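Protein sequence lines, in the order shown, are assigned to chains A and B.
Heads up, the first sequence is in the working numbering, so the first residue is 1 and it goes up one at a time.
Heads up, the second sequence is in the working numbering, so the first residue is 1 and it goes up one at a time.
If you're looking for bench data, these hints aren't it; they were derived computationally from the structure.
Every value quoted in this text rests on a predicted model; they were computed, and no experiment measured them.
Hints may contain errors.
Unchecked claim - Calculated cross-link-like contacts (lysine-lysine; reagent style DSS-like; alpha-carbon spacing at most 30 Å):
| hint | chain 1 | residue 1 | chain 2 | residue 2 |
| --- | --- | --- | --- | --- |
| 1 | A | Lys112 | A | Lys242 |
| 2 | A | Lys242 | B | Lys125 |
| 3 | B | Lys261 | A | Lys272 |
| 4 | A | Lys138 | A | Lys112 |
| 5 | B | Lys32 | A | Lys273 |
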Amino acid sequence: MTRRHLVGPLVLTSFLVLVLIGISAHAQPAKAPKYGGVLVGSPLSAPPSLSPHEEATISTVQQASACFNNLVYFDPAKRQESAETLVPELAEKWSWQDNHRNLVFFLRKDVKWHDGKPFTSKDVKYTFDMVRGAKDAKGKLRVNPRKLWYANIEAIEAPDPHTVVFRLNRPQPSLLLMLAAGYSPVMPEHVPVTEFKNKCVGTGPFKFKEHRPGESVEFVKNPDYFVKGRPYLDGIKWVIIKDRSTQIAALQSGQLDVTGIGWNAANVETAKKGNARLVVMEADSGVNDNLLINFKRAPFTDARVRRALNLALDRKAYVVGPRQGAATFGGAMLPRPSGVWGLSDAEVKKLPGMGDAAKQKVEAKKVLAEAGFGPGKPLKVTVSTRALAIYVDTASWVVDQLRQVGIDATLEQIETGVWHPKMTRRDFDVALNLTGIGIDEPDANFLENFRCGSPRNYSDYCSEDIDRLIAEQSQILDRAKRLKLVHEIDRRLQADGARPILGWGKQYALLWPHVKNWVQHTNSIYNQSRMQEVWLDK
Amino acid sequence: MSITRTLDLPTSTDLAPPAGAATVLARFVTRKPLGAAGGVLMLLLMLAAIFADVLATHDPVRTSMHPLVAPGADYWLGTDNLGRDLYSRVVHGARISLAVGVASTLMGAVLGGFIGLLSGYVGGKTDLISQRVMDIMQALPILVLALVLAASLGPSLTNAVIAISIPIIPRAGRVIRASVLSIREFVYIEAARALGVNHLRVAFRHILPNTIGPFIVLITAQLGGAILVEAALSFLGLGIPEPYPSWGRMLSIAAAEYAEKAPWLVIWPGLAISLAVFGTNLLGDALRDTLDPRLRGR
């Protein structure tokens, strides 16, 4: 064999050796999780309470989830939540019976509350009787934002300490998913719900340690947690830092292990520029920016005025300006592919606000003139928003968009603690709101935000026809058929301007590489904070 | 024999003619060049505030599809995170800074001046009680007191003016009271009382006009502080609400979010605040030196 003939096999052999080295390196077993350490994070804001059933903010869910468990939960390791990613928690197994009219849970027998009392089916019945507002409920919630999620439950039975039966008026496959939401933990019957204002007694992987209102919330490892070998962390500390620039500095200096909720693309870029080792997780996450228009307050009772407001908002400018490119367009349901139920691209392009901006503004002025408003008599509007940077940025943009069609708009900033009560009282003209969808499920979204009479239907939009369609889609078991009806409802909600959606903003988590098993879900931010699998590689 | 004494009074021809405004200005510029520079800065600030609509190249609250553009031909000082023209916002910011500064200083100075006049002229228990209240108010730093007031009143233009004016009241009260205490002992005040002029007329006709010197010094000295407090309140989200351009608010957004990515967002409002405060302080110092006989000529 000549030297020339040797070259080919030599190159090939070298290549194969390199490939094998690569494969073997890649095939190395994943690093074994380490125990210990306290994870320090910074949430969106201080939690108004540690009672998820009574709140409507990620601030409570993110910080309180580690204390609780649900009957079932979305697999923290899977990025897209769906019926297929449900995992057992307090329920070992479950079963639909009687054509989806009975949902039976078989509970774990080895679970204790943090105060040592045993967990039983009575706690499950107590929790969900309280949330659905049953006549014989043993507890009562101060506010009950998601009561309508459970309106289809006829009765909850606890035939023995480890079995619970949810009896439904009609089939509702979504109930199982709503029970898996971060907003739906099981609460202890023996602890009054009022005590959850500043503390927490749960069954979860972490026990409550201390809550300094406006400063921090701390948890310590639950040594009696029913999942053996979990959690890995010794504790979690949530430090309240209101200012995003301070959050960035605290993360870069290593005082925080993780933060990023409520950040925009520029914040992420700044943080990453300051320290290239930081890991960035970007996801759609099911949070939309929307305009709440008070349907019950004049002159917004006039459909023409509402339509003008909707047309004035140029959705393309929203993505470029306040969201700096980090958002997608959509209707009431999270757009695909991150979302499961969103409208198609072609349909989204036809929605109000998606057309030619100049033409839409002309039309908005025309509609306003028909409603009796013009240069001589401008429509005066106060745009309320939460006093958080991510809200104020977009609200400032909204004010300008409205002014461009001759509306005399001014901005009003509301502190977090007052924001939800004010919205619940309907004490606003127009508000720029961020709505995080608890689970990517039409029932959860429609019942909570669009159905007549829902406390979270802040706009007080009400259509009997839409309510009928919502009820109809809810009981369809065939997903394709249900999707068709869901799209029909979404189109009509957008045409009615029920709650004009500006777009779906990207959400971020920024963390140090030593934080392991932190997974950012793509279609909700509410169901990933149990923290039982998170560990620190320090 | 009658003795007549003629008074050796100067005749009108002996007196130097009153100096014209141009002469006074020229003398001021020569003697107090730094004060004059401050005056020029103040003049520029006032011109920017008055002619903001003419000077601005864009609507200051109009957003655009060009966020965070660096300074250039289209946007002289660049754009902010919502694509708003920074030059136009800085120019319009002058209007808000000056309006809040002047309104709050005048309000505080007039209210404080009135209390000082009353306190100094009436004396006794009125003086004692009012001065103890002033002591309490002065014990709190101006920014802290303004912060507490702004936080309780909520962010708005009117509330910012109120919040900034209240801490000025005791300072104005003290200055005017001190002047009143010395003026009320003058012989012409005694003469006016002897002629039967009532107290109200004595206070407002014979004493108040003579406090105008310290009053002007007070206003110029407090104006810079008021502009700075407005900027600080807006920086902390308690001043002028979005989307109206306030230098402090602009600086707050810029520093918090984009200092590294778009440094021009920090530079221009920061420079505007510094120059405005610098200008008012220089002018205030020079006016104080000029109007205070003890410091005159130094």
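Against the structure, the hints:
1. A/Lys112 <-> A/Lys242: Status violated; Cα separation ~36 Å.
2. A/Lys242 <-> B/Lys125: Between A/Lys242 and B/Lys125 the Cα gap is close to 48 Å, so the pair fails against 30 Å, i.e. violated.
3. B/Lys261 <-> A/Lys272: Holds, because 12 Å separates the two Cα atoms, which is no more than 30 Å.
4. A/Lys138 <-> A/Lys112: OK: A/Lys138 and A/Lys112 at ~21 Å, within 30 Å.
5. B/Lys32 <-> A/Lys273: Violated. B/Lys32 to A/Lys273 sits at ~48 Å, over the 30 Å cutoff.
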